[in-house]
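Quick note, the sequences are listed as chains A and B, same order.
Sequential numbering of the first sequence, starting at 99, is according to the numbering used here.
Sequential numbering of the second sequence, starting at 99, is according to the numbering used here.
One should not assume that every hint holds.
Identical chains share a label here; the pair holds if one copy fits it or two copies do between them.
Here are the simulated lysine-lysine pairs, DSS-like style, with alpha carbons at most 25 Å apart [to be verified]:
id, residue 1, residue 2
1, K309, K214
2, K309, K196
3, K239, K263
Keep in mind the hints are simulated off the structure, nothing from the lab.
Protein chains: 2
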Amino acid sequence: LVCELLCVGTELLLGDILNTNAQFLSREMAALGIAVLHQSTVGDNPLRLREALETALERSDIVLTSGGLGPTADDITREIACEVMGEALLADAEILAKLEAFFTARGSRMTDNNKKQALVPQNGRVLENHNGTAPGICMEKNGKCLILLPGPPRELEPMFRESVKPLLQKYADGVILSHTVHTMLLGESAMEARVRDLMDSANPTVAPYAKSGEAYLRVSAKAADLQQAERIAAPVLQELQARLGNAVYGLDCGSIEIAVVRLLAEKGKTLAVAESCTGGYLAKRITDIPGASQVFACGIVSYSNDIKRRILGVRAQTLEAYSAVSEQVACEMAQRVRQIGGADIGLAATGYAGPGEGAGLSYIAIDSEDGTRSECIQTGRTQDRDYNRYVSASRALNLVRLFLQGA
Amino acid sequence: LVCELLCVGTELLLGDILNTNAQFLSREMAALGIAVLHQSTVGDNPLRLREALETALERSDIVLTSGGLGPTADDITREIACEVMGEALLADAEILAKLEAFFTARGSRMTDNNKKQALVPQNGRVLENHNGTAPGICMEKNGKCLILLPGPPRELEPMFRESVKPLLQKYADGVILSHTVHTMLLGESAMEARVRDLMDSANPTVAPYAKSGEAYLRVSAKAADLQQAERIAAPVLQELQARLGNAVYGLDCGSIEIAVVRLLAEKGKTLAVAESCTGGYLAKRITDIPGASQVFACGIVSYSNDIKRRILGVRAQTLEAYSAVSEQVACEMAQRVRQIGGADIGLAATGYAGPGEGAGLSYIAIDSEDGTRSECIQTGRTQDRDYNRYVSASRALNLVRLFLQGA
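Okay, chain A solo, but in the shape it has when bound (with noise of 0.2 Å):
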């Protein structure tokens, strides 16, 4: 049983937006058990969706478009799906009543365009849309599954969740079980080296990839369920994690700072951070994590000289003896704000985020009772101020994970 996405709009082709909607299908699918084998995109363009549709119907079981249900003129996914799956389209007065409700309920006034969202293939399925106004549709024939779902990533998705997965139960042949090994420190080539033999494997599969100066390896078992693909994947994650040792933050953490949010919240500690390169990055990433007022206590972006000096209180000797940038000043950076914040641990970064000669270079310090330890950076990339800042706010972070394992 096979399935692929395609996604429709211009907008994507042109660039205009990025397509985060393949990978959350793919991703979903994947938890399914369900093999997503071709990922497309057409534009708004009635010939060339009617052939992607035809070519995607032939050689797959189940077709998940996004995109082109909305009110505006170029939305016509609705309309060629039918044709070629042979369904008439039809007015329905229900959701044509609930259009209107939304638009009352935010104190607007429905314009005419929107009224073609209430056309239904006469044998489809509705999905609500709890987010918008475009519902989803599910049309199910010949052996074939076609489901339209909206673009936008906020109406899409808890669309998904809510109408599709329960839809799709029914395909699903038995479970993939996906596991990540997150490890920081590792280039993928070196990671590789190290646990070649075990990519051999065919279930579980072992897969290395690399993503903004981390590398990952993804192990999936595939089995009749949930339960014998764990065991399964188990005694390849072991080995996996004892061969990579602490360069491993986490199992299926998602990032770095979830690894830190949980292990602060674990170990009953709290944070603050003083960041001058990162310039809010390290406070917006630990605060992304729900949760993250437990053990946050404050954040200080100092960018010049005057605000470290003033807010911070780092001496002007230490700024003018080493300059902003410098082990030093990352040190009393993590000492003051750990102290102004009241907080266990104090975190610093200062650095050259770029772009410009220079720029790629940074200090992180950490300070606990324990005492104080820095680290530089040098990420060697000059022009890229946002894998910069992102590199020396996750290798800051990194220092609280090593630090609160007893690294």
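Dock chain B against the given chain A, drawing on the hints supplied.
Below, chain B without anything else, positioned relative to chain A:
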């Protein structure tokens, strides 16, 4: 002349990574005036990769692939592409030497699996990789152009700019010029209702899209050269801006934070921010922009009431009387951070990010020598922490924009 993209990688089909390459390449091709009509993704599977490459080369003149050029065993794009193009693969001594130098410079040893990255097609052109180990490859044959690029965006993007763009100039037939009108405070369908008649135009085309609480209009003009394209687009752009009034925060400005940093620099003003619910997101977005250091005084992330009192100096009685999530506290935060930071403008956000009941409510405030102004925001999305934080930060930045524009 049409182009298509083929992204290769099982990690994309499993949803492990987000496909930013498709967006980047599409946007770059659009700027060259070369239409991208299809984007496809297949896994690291020889059969399906070959099939996808054959389909792509049949229907398109230019095919760009990304991914599968790396050192690991599942990287097969180079091999399959050469088979499809009928090209032999030979080891290149120069690339091998560079690979060795790359690892030596980073103080590590080259593992054997890296050597296959030195294989190049007999009649292909090598595209240097200054940010990684896998070189790109270009093959032009039988009227088709096939370009293989590495998967990591940090390698693909500079390689495209440095090597691929100059190479593709000869294929560009005229140009497509795109301008984007950015609006805040209008929904997509409300925006469309105001400009519906302009969307029937064929050249320039006018297309709406929505993203994270904002609505955009893309105006695209096709012409022999840039100057002529600008002349075609200008009257429509003018009309759109006139109709949408001060909901428009910028033209091609990328984001509200870019608009704000530019306006601050133009007017010679500085900004200090105090954040509760946004937790550093405001500061992060401002300091994302190179040159922010000239206009950004400081940021204070004050999650708890204790920190709001101790570091910001918000009065205890205000917190008690109105609670932390209130107009009054937002105003005091803005006033206090402006004083502390010695800035022209103080900006604050406090609210419930969620997820949970009541989430999506926030108060934002701006303080300047003209006084204090605040706004209440209700996103209505109780489960979407990231959206709520993003929209609070965007709307807070929009207050600065409106203030600096004297609106």
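Status of each hint after checking the structure:
1. K309 <-> K214: Close across copies (22 Å), not inside one copy (42 Å); limit 25 Å.
2. K309 <-> K196: between (43 Å within a copy, 23 Å between copies)
3. K239 <-> K263: Within one copy only: 18 Å inside, 46 Å across.
In the structure shown, no violation is registered for any of the earlier numbered hints.
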